[in-house]
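Top line first, the protein sequences correspond to chains A and B. In this text, residue positions in the first sequence follow the numbering used here: the first is 1, and each later residue adds one. In this text, residue positions in the second sequence follow the numbering used here: the first is 1, and each later residue adds one.
Hints are computed from structural coordinates only; laboratory data are not their basis. Computed from a predicted structure; not experimentally measured. Some hints here could point you the wrong way.
If chains are identical, the list can't say which one is meant, so a pair holds when it fits in one copy or spans any two.
[To be verified] Subject to a maximum C-alpha distance of 20 Å in a straight line, what follows is the list of computed SDA-like cross-link-like pairs (lysine to any residue):
#1 Lys29 with Val93
#2 Lys29 with Asn141
#3 Lys39 with Arg11
#4 Lys39 with Gly17
#5 Lys39 with Ser88
#6 Lys39 with Gly65
#7 Lys29 with Ser170
#8 Lys24 with Asn105
#9 Lys143 with Gln86
#10 Lys143 with Asp10
#11 Lys29 with Glu69
Spelled out from the first residue to the last, the chains are:
There are 2 protein chains.
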Amino acid sequence: MDAARLLMHDRGYSAIGVAEICEKADVRKGSFYYFFESKQALTVATLRAAWSQERSRWVELLDTGTGLEGLEALIQEQVQLQQDQQRSTGSVVGCLYGNLALETNASEQDLRDCLREIFDDQCQLVLESLLGATVTGPLGNQKATLDNARSVIAQLEGTVLLAKLYNDPSLLNPLWQQITGLLGVTSTRFNT
Amino acid sequence: MDAARLLMHDRGYSAIGVAEICEKADVRKGSFYYFFESKQALTVATLRAAWSQERSRWVELLDTGTGLEGLEALIQEQVQLQQDQQRSTGSVVGCLYGNLALETNASEQDLRDCLREIFDDQCQLVLESLLGATVTGPLGNQKATLDNARSVIAQLEGTVLLAKLYNDPSLLNPLWQQITGLLGVTSTRFNT
Numbered sequence: 001m002d003a004a005r006l007l008m009h010d011r012g013y014s015a016i017g018v019a020e021i022c023e024k025a026d027v028r029k030g031s032f033y034y035f036f037e038s039k040q041a042l043t044v045a046t047l048r049a050a051w052s053q054e055r056s057r058w059v060e061l062l063d064t065g066t067g068l069e070g071l072e073a074l075i076q077e078q079v080q081l082q083q084d085q086q087r088s089t090g091s092v093v094g095c096l097y098g099n100l101a102l103e104t105n106a107s108e109q110d111l112r113d114c115l116r117e118i119f120d121d122q123c124q125l126v127l128e129s130l131l132g133a134t135v136t137g138p139l140g141n142q143k144a145t146l147d148n149a150r151s152v153i154a155q156l157e158g159t160v161l162l163a164k165l166y167n168d169p170s171l172l173n174p175l176w177q178q179i180t181g182l183l184g185v186t187s188t189r190f191n192t
Numbered sequence: 001m002d003a004a005r006l007l008m009h010d011r012g013y014s015a016i017g018v019a020e021i022c023e024k025a026d027v028r029k030g031s032f033y034y035f036f037e038s039k040q041a042l043t044v045a046t047l048r049a050a051w052s053q054e055r056s057r058w059v060e061l062l063d064t065g066t067g068l069e070g071l072e073a074l075i076q077e078q079v080q081l082q083q084d085q086q087r088s089t090g091s092v093v094g095c096l097y098g099n100l101a102l103e104t105n106a107s108e109q110d111l112r113d114c115l116r117e118i119f120d121d122q123c124q125l126v127l128e129s130l131l132g133a134t135v136t137g138p139l140g141n142q143k144a145t146l147d148n149a150r151s152v153i154a155q156l157e158g159t160v161l162l163a164k165l166y167n168d169p170s171l172l173n174p175l176w177q178q179i180t181g182l183l184g185v186t187s188t189r190f191n192t
């Protein structure tokens, strides 16, 4: 699963075959098929494990402070992760889930369902954070909607897409400011 | 090139081989290599032709009216195209350039350069439209920046990514409203 995650994060789903995953993981193909029915089944297990781990961090960050500080901490960490990865590997690798989302179609239904669950969960976590920010003040009541939570995730994914294509993490620098614009928060208190 | 465009729009770059493209186009592999050095070379030619055609339509739409009406017309047509495609094929196929952008890495430099040129051009066209809107009124002077133009493209790409993953074009419905939020345009005059 670690081998699949690394290979797919860099080169996507279709470009990676079971043989290459086995080679990287130093296991035999026979062993692979003892544990996983297919590349798709391995990928679903890999994504679930990756998101389960990452989700804990999202919850931790979103619980930082009141208002929108949690969401800001989450976004800034995403920016930082892409910057760190570019420094250490030479490439902005982008978002594992986003990368695979654009590659799957109706023929890989299990993979698609898994990615939908992950993005559902991300949007829900952001929505909860927005709801909290309407209680504590910075966000107007009518702003805590699923559409707005989804637009935050869309802005993150779209900006990461461009940063990956240009291999330029500095494209992510204005992200938090843009998200406060999306949410209609004009106070610069949230742009530190 | 038509065959490559159709196949890759649906299933991406890595999943499609020269053999399948030739089969769909009803040509022999030998003929293929007479015209194109590689799958990558064909893809670059295909994307250039696609964008050249689409670019004329972008310019035409962006020239609609003054202020932000042109940008609104462009965004609404993108939404409409995804809706139409889902109705006719059963799938939200997403953005050809965005789909391929997340699949390429440093090993396909020509393809990457080509996609960068297309997104550069898109951001530049949006920037010119923003500059026009600061002259005619609806947009504040400091809003017509390349960062903001890029954030419009990012919101479009990110939202199309989610609409493709969920195969649900209705996720695109709030797009224009979100873009006006991003740009800090509060007037509902632009939300018709």
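Tested hints:
1. Neither within a single protomer nor between protomers do Lys29 and Val93 lie at most 20 Å apart by alpha-carbon distance, with minima of 27 Å and 34 Å respectively.
2. Within a single copy, Lys29 and Asn141 get their C-alpha atoms no closer than 55 Å, and across copies no closer than 61 Å, so neither meets the 20 Å cut-off.
3. For the homomeric pair Lys39 and Arg11, the shortest alpha-carbon distances inside one copy (15 Å) and between copies (17 Å) are both at most 20 Å.
4. Taking identical chains as interchangeable, the C-alpha atoms of Lys39 and Gly17 lie at most 20 Å apart whether they share a chain (7 Å) or sit on different chains (19 Å).
5. Taking CA atoms no more than 20 Å apart as the test, Lys39 paired with Ser88 passes in neither setting, with 28 Å inside one copy and 30 Å between copies.
6. In this assembly of identical chains, Lys39 and Gly65 lie within 20 Å of each other by CA distance neither inside one copy nor across copies; the values are 41 Å within and 51 Å between.
7. Taking the shortest alpha-carbon separations for Lys29 and Ser170, neither the intra-copy value of 41 Å nor the inter-copy value of 43 Å comes in at or below 20 Å.
8. For a Cα distance limit of 20 Å, the shortest separation of Lys24 from Asn105 across copies, 19 Å, qualifies, whereas the shortest one inside one copy, 26 Å, does not.
9. Taking CA atoms no more than 20 Å apart as the test, Lys143 paired with Gln86 passes in neither setting, with 34 Å inside one copy and 29 Å between copies.
10. When the C-alpha separation of Lys143 and Asp10 is checked against a cutoff of 20 Å, the pair qualifies neither within a copy, at 36 Å, nor between copies, at 35 Å.
11. In this assembly of identical chains, Lys29 and Glu69 lie within 20 Å of each other by CA distance neither inside one copy nor across copies; the values are 47 Å within and 57 Å between.
Figure legend: structure checked against the earlier numbered hints; hints not met, in rising order: 1, 2, 5, 6, 7, 9, 10, 11.
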